[in-house]
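Q: One-letter residues, chain by chain:
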Amino acid sequence: MTEPHFTVTESGLMTPEGMYIPGEPPKGIRRIPKGVDRLGTEHLIVNMGPQHPSTHGVLHLIVELDGEEVVTVEVSIGFLHRGIEKLAESRRFDHLGTLMDRGDYVSVIHGEQAVALAVEKLMEIEVPAKAAWIRTLTAELTRLASHLVWFGTFGLDTGAMGQFLYAMRDREVLLDILEEISGQRMMFNYVRPGGVVADLPTGIESRILSFCDTFEVYLEEHDALLGGNEIFQARVKGIGVVSKETALAFGLTGANLRASGLGFDVRRDRPYDAYPELEFDIPIGTIGDSWDRYTVRMEEMRQSLRMIRQLVGGMPGGPFTAKVPKVLRPPAGEVYASVESSRGETGIHLFTDGGTTPYRMHYRAASLFTCQLFEEILPGHLFADACMLLGSFDIMLGEVDR
Amino acid sequence: MSPELASLLRILAAVGLMLMNGVILIYMLRRVLGRLHQRLGPVHVGPQGLLQTPMDVLKLLTKEDITPTNVDKALYFIAPAAVFTPSLMAYAAIPFSPTWMVTDLDTGLLYTLVVMSLVSMGLLMAGWASANKWSLIGGMRSVGQHIAYEIPLLLSVLPVVMYVGTLNLSSIVEAQSGTWLGILPQWFITNPLFWPAFIIFIVSALIKVNQTPFDMSEAESELVAGFATEYSSMKFGLFFLSEFSNSFIVSALAVTLFFGGWTLPFVPDEVLAPIAPVVFMLKVYVGIFVLMWIRGTLPRVRMDHLMQFAWKILIPAVLTWILVFGFIIKLFDLGRPVG
Amino acid sequence: MRPDVTAVDRALTSFGSKYSVCDAQVGIIVACDQSDALPILQALRDSELDFAMLLDLFGRDVDGKIEITYHLRSYSRDQELYVRCHLDHDGDLHSVWTVYPSALMPERETAELYGLTLSDHPNPKRLLTTDGVPPLLRKSVPIRTVEEVRSR
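Chains as they are written, first to last, in the working numbering: chain A, 1 to 402; chain B, 1 to 339; chain C, 1 to 152.
It should be emphasised that the hints constitute simulated quantities derived from the structure, not laboratory data. All C-beta atoms in this analysis are idealised placements derived from N, C-alpha and C, irrespective of residue type, glycine included. You may find that some hints are simply not true.
[Said to hold, decoys possible] DEER-style ranges, computed between Cβ atoms:
| hint | chain 1 | residue 1 | chain 2 | residue 2 | range |
| --- | --- | --- | --- | --- | --- |
| 1 | C | V133 | A | R169 | 52 to 60 Å |
| 2 | C | R2 | A | P276 | 14 to 22 Å |
| 3 | A | E172 | B | L181 | 48 to 56 Å |
Given only the sequences and the hints, what does the whole structure look like? Please build it.
A: Here it is, written out as structure tokens:
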């Protein structure tokens with residue numbers, strides 16, 4: 001990685017292999033290293049990861065440093081590749097959720113939901129109201145749990161160890177609630193085509209509501225302790241600005257896109273399950289710096305709490321799953337279903353041939369697109385900021401590698 | 001007892017104190033951070049987890065000492081000693097009581113600060129010798145921040161020196177005995193004239209301790225473990241020990257300069273004399289607790305912010321304050337020179 | 001959600017018969033040659049349809065061909081469109097990263113997992129697997145080898 005990716009010529013770019021790319025590089029692309037500066041100093045190339053405290057899993061960044069400043073970054077992924085898309089071709093449709101759990105292993109319900117929605121769209125299954133509401137409830141609880149992990153690790157990346165443990169304390173309560181609902185602690189495997197696996201256990205409503213009451217207070221505490229800190233603000237404000245154009249060009253979705261000022265939310269704009277019946281606001285950032293990403297996610301947590309209250313209060317009666325055959329056999333076809341997961345838009349592109357297993361399942365992972373943005377956004381920042389930025393984008397390596 | 005033997009015993013006592021301090025402070029850090037973070041900390045080894053740190057020391061001592069292939073062997077071996085020795089030397093001039101100190105230096109304050117500043121040299125050695133890029137960045141950062149904050153640290157204690165007219169630490173303590181009008185202890189911290197100096201002292205001293213918010217040189221989430229990445233076994237232990245001993249020294253200096261050292265208000269000298277070291281240690285430990293509190297709460301400052309703060313704000317501020325302070329004490333004849 | 005077919009036609013008039021548009025189950029699909037994908041995507045991005053984001057890029061092994069799908073989304077008009085092209089096995093995938101930088105990694109992944117070569121790409125290395133791993137997503141590569149199945 002010592003060689004530059006490109007050399008600039010009169011009318012285009014030349015790769016080291018001699019490959020010629022005509023025309024100007026697109027706006028916002030800075031893939032040309034600054035090279036050796038006037039002092040005659042050398043650049044330092046460090047391998048950040050795959051085992052590094054702030055890469056959030058097994059991300060490997062090859063970082064070229066000029067002193068403390070990042071010059072170029074190459075993102076190297078694949079350390080967690082398990083071939084989920086290939087394995088899906090041998091699994092029955094109701095077993096796909098299990099694979100999706102291993103994709104984004106922190107916001108688990110959303111992956112299951114995407115698969116279930118895709119299969120339901122193909123088979124034209126009508127999901128009972130209660131099933132849709134339970135799905136939405138667990139999805140929002142999961143979003144809270146996932147955002148808490150982001151909050152904690154973001155704090156950890158900026159050096160504040162306390163925030164991580166406070167966030168884990170609250171997440172523990174959430175996981176207990178979700179475990180009681182689904183029977184599993186992390187890999188819930190709860191959402192199935194047609195509905196959910198089991199009804200809500202009795203008395204869970206009061207537990208969720210009492211969690212909401214305590215967490216509402218804790219959330220403001222978290223925000224005051226980290227977001228209200230001068231040091232933290234000095235570190236995130238104006239750092240890692242992703243303009244709307246860059247965000248669109250690199251395919252950012254979810255909170256990262258909203259932080260850049262584009263208010264698209266799958267929950268509102270491609271409504272699914274019980275979201276059309278809920279009242280919630282979609283926070284939008286202004287310039288797309290790390291502070292915007294922070295505030296947008298914090299506000300999302302508040303909105304999730306608001307939705308959870310509505311969901312528990314208005315839970316309809318009826319069956320928790322539609323009548324679906326034991327072995328699902330959707331007609332041949334092609335369908336795209338997407339949900340708003342904690343990292344962005346998680347989409348499932350499903351091809352069927354009339355058999356009991358998918359012909360091809362493509363998993364659109366939001367983190368993959370966020371991840372390739374690092375090559376563009378990290379150069380020019382200080383190394384300390386690079387670590388902080390990895391945290392601010394909230395990527396999940398299980399989803400990147402699939 | 002011959003004077004040579006006496007001084008040897010005193011040095012040994014300082015070594016013993018430093019080692020004991022290390023063990024106690026690690027336990028204290030774990031429990032304090034545990035409480036701050038709403039978790040338990042060590043509880044299983046011994047009552048209340050008391051034996052956890054002795055066990056860890058044993059573990060460090062018996063672990064294999066790994067020397068990576070490409071290291072600069074000589075520097076790699078010297079570095080832990082170069083970090084540890086100045087930390088140990090800094091104990092020499094600290095007055096634990098009117099009689100308990102290794103040596104009563106007339107330039108005690110200057111000596112302590114100078115010796116402390118040698119630590120950064122060892123850190124750079126370690127960073128360079130490890131043949132590891134993370135270590136190198138960590139070592140460079142540590143030298144940068146230590147040099148930048150040496151100046152405000154030295155300058156921030158000048159008001160005290162100007163006030164009492166000596167660099168002898170025990171004289172500085174004696175100048176703080178007694179009370180203001182029988183209400184407040186006559187410690188310098190109760191005198192608003194010393195507050196700016198104290199704030200600057202604490203900020204610069206935090207850098208010396210290498211703890212969050214100023215732990216850039218071993219920033220765990222950025223540099224893995226900074227200069228200590230390649231060290232194992234007791235070499236790593238020495239870095240660790242030196243760091244804890246630094247926080248002790250910094251707290252002891254703060255207590256000596258601003259919190260009246262071993263003195264207590266309203267307590268007659270005869271009663272105070274036997275318990276003076278205990279009083280001093282208690283005050284020091286309260287100071288260390290505050291350091292740990294800061295460590296458990298704040299995020300890390302960015303390197304360039306830190307340097308800008310030192311050169312652009314802190315140093316001009318402390319220079320201005322020395323000037324103003326000098327005028328004030330000369331104008332109103334406030335100085336209380338000892339001896 | 002679905003753009004008007006005539007609007008798509010209008011945006012692509014300069015391409016004549018190099019493409020065809022059909023209204024399928026999943027959405028509007030523009031079919032074209034892979035070598036024409038780059039100009040067609042550029043025309044779609046810069047047209048009034050404003051497909052500013054390449055939401056996704058993936059392949060599929062079907063009928064002895066590799067089918068590449070580009071999933072576009074326009075946020076200003078809230079519409080989605082698919083551009084689809086077919087390649088031979090061991091065909092050449094022309095990168096579209098100069099129009100959509102978001103294609104950088106998905107292209108590498110697709111080329112690797114379908115055994116295609118990647119051209120015009122700034123960093124045409126393998127992404128997920130190491131050298132020697134067969135193109136996993138091809139139908140000819142079994143999910144479990146015979147040995148693996150026997151030893152279960």
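Q: Compare the structure with each hint and give your call.
A: Right, here's what the structure says about each hint:
Between V133 of chain C and R169 of chain A, the C-beta spacing of about 42 Å breaks the proposed range 52 to 60 Å. In this structure the hint that R2 of chain C and P276 of chain A lie 14 to 22 Å apart at CB holds, the actual value being about 20 Å. About 54 Å separates the C-beta atoms of E172 of chain A and L181 of chain B, a value consistent with the hinted range of 48 to 56 Å.
Of the numbered hints given earlier, the model fails hint 1 alone.
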